[in-house]
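4 protein chains.
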Amino acid sequence: MNKKLRAGLIGVTGYTGMELVRLLAAHPCMRLSFAASRSEAGKRLGDHYPFLEKLPGADLVIRQPDARQAAAQCDIVFLAVPHGAAMNFAADLRGEGLPVVDLSADFRIRDAAIFEEWYATTHSQRALLKEAVYGLPELYGEAIAEAKLVANPGCYPTASVLGLYAALKHGFISSEDLVIDAKSGASGAGRKAAVPTLFCEVHDSFRAYNLGKHRHTPEIEQELSIVAETPVRLSFNPHLLPVDRGIHATIYAKLKGGHTPDEIHAAYVECWKDAPWVRVLPKGGLPETRNVRGTMFCDIGLAIDPRTERLIVCSVIDNLCRGASGQALANANLMCGLPVDCGLVQAPLMP
Amino acid sequence: MNKKLRAGLIGVTGYTGMELVRLLAAHPCMRLSFAASRSEAGKRLGDHYPFLEKLPGADLVIRQPDARQAAAQCDIVFLAVPHGAAMNFAADLRGEGLPVVDLSADFRIRDAAIFEEWYATTHSQRALLKEAVYGLPELYGEAIAEAKLVANPGCYPTASVLGLYAALKHGFISSEDLVIDAKSGASGAGRKAAVPTLFCEVHDSFRAYNLGKHRHTPEIEQELSIVAETPVRLSFNPHLLPVDRGIHATIYAKLKGGHTPDEIHAAYVECWKDAPWVRVLPKGGLPETRNVRGTMFCDIGLAIDPRTERLIVCSVIDNLCRGASGQALANANLMCGLPVDCGLVQAPLMP
Amino acid sequence: MNKKLRAGLIGVTGYTGMELVRLLAAHPCMRLSFAASRSEAGKRLGDHYPFLEKLPGADLVIRQPDARQAAAQCDIVFLAVPHGAAMNFAADLRGEGLPVVDLSADFRIRDAAIFEEWYATTHSQRALLKEAVYGLPELYGEAIAEAKLVANPGCYPTASVLGLYAALKHGFISSEDLVIDAKSGASGAGRKAAVPTLFCEVHDSFRAYNLGKHRHTPEIEQELSIVAETPVRLSFNPHLLPVDRGIHATIYAKLKGGHTPDEIHAAYVECWKDAPWVRVLPKGGLPETRNVRGTMFCDIGLAIDPRTERLIVCSVIDNLCRGASGQALANANLMCGLPVDCGLVQAPLMP
Amino acid sequence: MNKKLRAGLIGVTGYTGMELVRLLAAHPCMRLSFAASRSEAGKRLGDHYPFLEKLPGADLVIRQPDARQAAAQCDIVFLAVPHGAAMNFAADLRGEGLPVVDLSADFRIRDAAIFEEWYATTHSQRALLKEAVYGLPELYGEAIAEAKLVANPGCYPTASVLGLYAALKHGFISSEDLVIDAKSGASGAGRKAAVPTLFCEVHDSFRAYNLGKHRHTPEIEQELSIVAETPVRLSFNPHLLPVDRGIHATIYAKLKGGHTPDEIHAAYVECWKDAPWVRVLPKGGLPETRNVRGTMFCDIGLAIDPRTERLIVCSVIDNLCRGASGQALANANLMCGLPVDCGLVQAPLMP
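Top line first, the protein sequences correspond to chains U, W, D and V.
Each residue of the first sequence is one higher than the one before, starting from 1 at the first, in my numbering.
Each residue of the second sequence is one higher than the one before, starting from 1 at the first, in my numbering.
Each residue of the third sequence is one higher than the one before, starting from 1 at the first, in my numbering.
Each residue of the fourth sequence is one higher than the one before, starting from 1 at the first, in my numbering.
For the record, the hints were derived by calculation from the structure and aren't laboratory data.
It cannot be assumed that every hint is accurate.
All copies of an identical chain are treated as equivalent in the list; a pair is satisfied when it fits inside any one copy or across any two copies.
[As the list claims (entries may be wrong)] Straight line, CA to CA, 30 Å or less: simulated DSS-like cross-link-like pairs of lysine-lysine:
#1 K213 x K169
#2 K273 x K3
#3 K169 x K254
#4 K192 x K43
#5 K130 x K54
#6 K256 x K130
#7 K4 x K192
#8 K254 x K213
#9 K213 x K283
Use the sequences and the hints to build the structure in full.
Structure, rendered in structure tokens:
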């Protein structure tokens, strides 16, 4: 056990922290060596999370967040704290020389002005922002392997960017007029006590929220603009699903014309054939969130509506694993010189 | 009890039949006098539906479908049988002189050729098709009151047409480039034994189906073309929600420009202010399917995305009540000279 | 509208308050005339509860709780506030001469010492306790009609007492060795923001709580002791179901012997044949919580296990309607001289 | 890959077959080499189960069930077919010399007469029945390691026997008067198309079934009689939960007296301290089904009701993993000389 890499986790009580605890419990080459939380410091992790008993990590005692202690006990640190708080933790940890994977939004937006506009927060670590690498392994694997600070992507951007990548890269679709209708499970709303996320408020119901105003919008636009090699402006619209986990992004794009459905499908298959986690469904197939439950998979289904000359891409991930903590672990793997999928070869929990 | 109008129901075992049984049990002026089903004939209705015991209708014995018997025992008949079968039942019942509300798709599409193309079925009752009235009370109330055959609208068309009506009528949006991303509860898939609708296949998951190919597409286009006074072609895309009831249609439209958000919202409020069931939410409000559960309400929320110059309309109904059996009852009320909302003044079941 | 009886509601924001708002919106002879809440005072009720728009009560403005104001504007008042707080509100309202239905536990336990032991609260209104009537209409209908203060029963006691009544009355079972394994939907846990009742903590899971220690235990024992005419001590054990509404009590009793299954079933049928809401299922039938959803029904199924000589009673109610607000309304009906089921003839929402 | 042990699976389309496919995809020392199904023969496994794509097993082609083919391609075979059918497959496979783990009930009941009574089926393989070993690893680990035919326990018996083992072994409770109130997720009902297990029939509802008559009763009695060293007769009563996975058995037992709660709890902890999967919760703790989701864990919580002198044991497992396919794999591990938990060190999927 001692030869495993030592991972620290600042922010252990939210759903992304919980998911990292779960994933690290089964990781063959990395172990949780330091877990911190302001509210739960002093408690044994297995007492806080009964699901963890008799698994690696259960006997760890939760500590107060502290960069120096973390430096002494970790080879790498995950930040699972709210945006705004994360940037300063990151600076402290980098000051101690530790590599950091930040699960918050603080280093995702390369342009600090855009960050400050959408998040209504001053960015206090602009120098650090410059060295941060956007942690989508399929697109930035090499840079991530060299990085000391990785900005772990948002859940919606992960599904959206992977879903549109091949179509934009090949120029099958216009980079204008994109509409993303996204649906997320309730774990995406976090683990804070609040009436709108009580069981009886979410169960057996469905609703949209933050239409056109969600903070993941500039992040998606930033990444798709790079892929399309032209500024992309799109309409991003999230909804709340009565499920624990899962994002389903239904993406509407205008076909440029000149490519058959078969060509488009073949290009998607070719694009992702060597990626361990992106699965393009057979022609006519459509993804289901349960098929990726608990895993790193991104399942992509394509539909072409000839009547309206649209490509409709359905892109599905697990918001907690692929959309947060699993992707953070993949990034940590790369930063530590491990295979990207180390500890992440999982079969989805079905049903 | 005897002075109540006598209603017949052909097709009692599906979810729309079940919902009519529920609604008629509480109707002050109409009662179920004849219930028919091939598979359950001979059984007491209260034994088939234990939820109905000690309520009106429980002691009725289910009969074989038969137009002559229905004529003898009913003042009006509801058809809750599959499309294709309904058209011939309707002809028989009309032959007996009975007014008919058909919950199937058989008389919804005015152009038989379009019906035959989308439903892959020959229309054997073209003459009858001409006299059928499309049963959306807010739009066709007067014609419904005169009709002898009402084509009850589909669930998705009900939500879509009510959601877009005011915007098209006022010319706020382009009639091109409409995209409807619709989500429906599982009762919309019917009550047939099938693996894809088993609990463990639907629960805690989400998926799209029939993208760009759903049979409600031409019905929505037909009705919106009338409203817009120009042919409308749109992209309609349904998804399956892990809830019992509820449709949430998220509708994406291009703003023509020249109208402020306040003007658009005010026009929606004005348009529906006297409608008993269409509720336009306050500015910034977004609907939830549970807020209409079990009722005739259509809740409409508006969002304007200034960055992409779009109007996003969220239109929410209960697919079984407003989207099927409740609307059928509203139509029957009008056809029988009753107030449209007789037996349909319901408060939503919350939570 | 003005000739309707005027009902006040202190405590409008919880699930029982919400349910009363729903039920009063459809009541033919009673209307909500006064709604109070400390936290939401000043807000229009329809803005607080969008489900209520275009229904009676939507335009009411929420007030601060105040006995004198309530007296001026009400003919009867419902208390939907926490135990401990309710007893003093009740005293104030009785001081103003108003009849009161208290949905809290404050007046359910006739012996103040037992109340104080289980609720760890001093009972400050012992005089008032003496005049309170336990509001189970099937058992105490006449006393309720004369009462000025009704203690509305707990949800678990309602299901348990109705389920065991006939068996104890007829002496089919021993009054010793009773075990009640009860399961409740999450609305029973209230609408307070708390992590353990978040969607992701309840959904797709199941757990017991308060085994042997739930505060409804002495209430069940009190009422069953009266029925059995001997002190009853039993083991009551609740569980949390991932559903919105519904209680399923599975009750295990030892048969005394000497009665056939047919005799026991027939006695149950006979006992409840004139009760509008208690439905004894046919032999072999077992109830489902959905069959009573949104209603006052109590569905009872009987099973006899000859190998272990036990009677197993399944007793099912809707915890919010029959187990709280609907029953409160039935009590108010009786107190106001209305038929007990006025405004409460509902068909369950299926599915 | 080729040095892995080769496992066959007869019956790939049900939930237990699906779960074995999931678990074998992640097994480090065993791989699926033969998958058979009458209805799906000829289909690629990854096409049948899209969740499996890019995981081990996806490229396997489903075959017709055939003992000789299985013998040629497997080192061990799992039977996931209905009872009655399994016994003859088992005989054929044993005739080919293959070790077999049977997930059906055919070899669980040692007394063929009791099997025939409860299952209403003739046992055609009585000789084989004698050599079968009951596959509960904690109790029969050594015999399983020597066995060629293992009868994999039922899901309810697994939870019930593990929950009561320590209390009966230590004589804390009477072996009479046991009541088990068990609740199971819907995957326990299998994957056959049927109306009662449709989403809309199970979701947001709860019901009992087969009270006192479930076929797992004699299996539980058989195993507990061995533990108690006296014939045990008990009342077993199952219910259907609206969750995918999970069994919660609430077990009511009479305390013999003479032991303090602390002694009882300590004995449970001591009994299971070296078992990798049985977790006794701290005093006062109660288990939740989600804490064992997707794993082999059995979580046990104890409550003592001093008023009624009862021990209440809550025993929780995942019905598909621990209650079926995971346990089958643990048995196969033992039969093949692998560590019992090979491929089964899983962290529960939370939330």
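How the hints compare with the structure:
Taking the shortest alpha-carbon separations for K213 and K169, both the intra-copy value of 26 Å and the inter-copy value of 27 Å come in at or below 30 Å. Taking the shortest alpha-carbon separations for K273 and K3, only the inter-copy value of 26 Å comes in at or below 30 Å, while the best intra-copy value is 34 Å. Taking the closest pair of Cα atoms, K169 and K254 come within 30 Å of each other both inside a single copy (14 Å) and across two copies (26 Å). In this assembly of identical chains, the alpha carbons of K192 and K43 lie at most 30 Å apart whether taken from the same copy (19 Å) or from different copies (25 Å).
Neither within a single protomer nor between protomers do K130 and K54 lie at most 30 Å apart by alpha-carbon distance, with minima of 42 Å and 36 Å respectively. Taking CA atoms no more than 30 Å apart as the test, K256 paired with K130 passes in neither setting, with 35 Å inside one copy and 41 Å between copies. With identical chains, the CA atoms of K4 and K192 are never at most 30 Å apart, being 33 Å at best within one copy and 43 Å at best between copies. In this assembly of identical chains, the alpha carbons of K254 and K213 lie at most 30 Å apart whether taken from the same copy (22 Å) or from different copies (17 Å).
In this homomeric assembly, K213 and K283 come within 30 Å of each other (Cα to Cα) only across copies, at 15 Å, whereas the closest approach inside a single copy is 33 Å.
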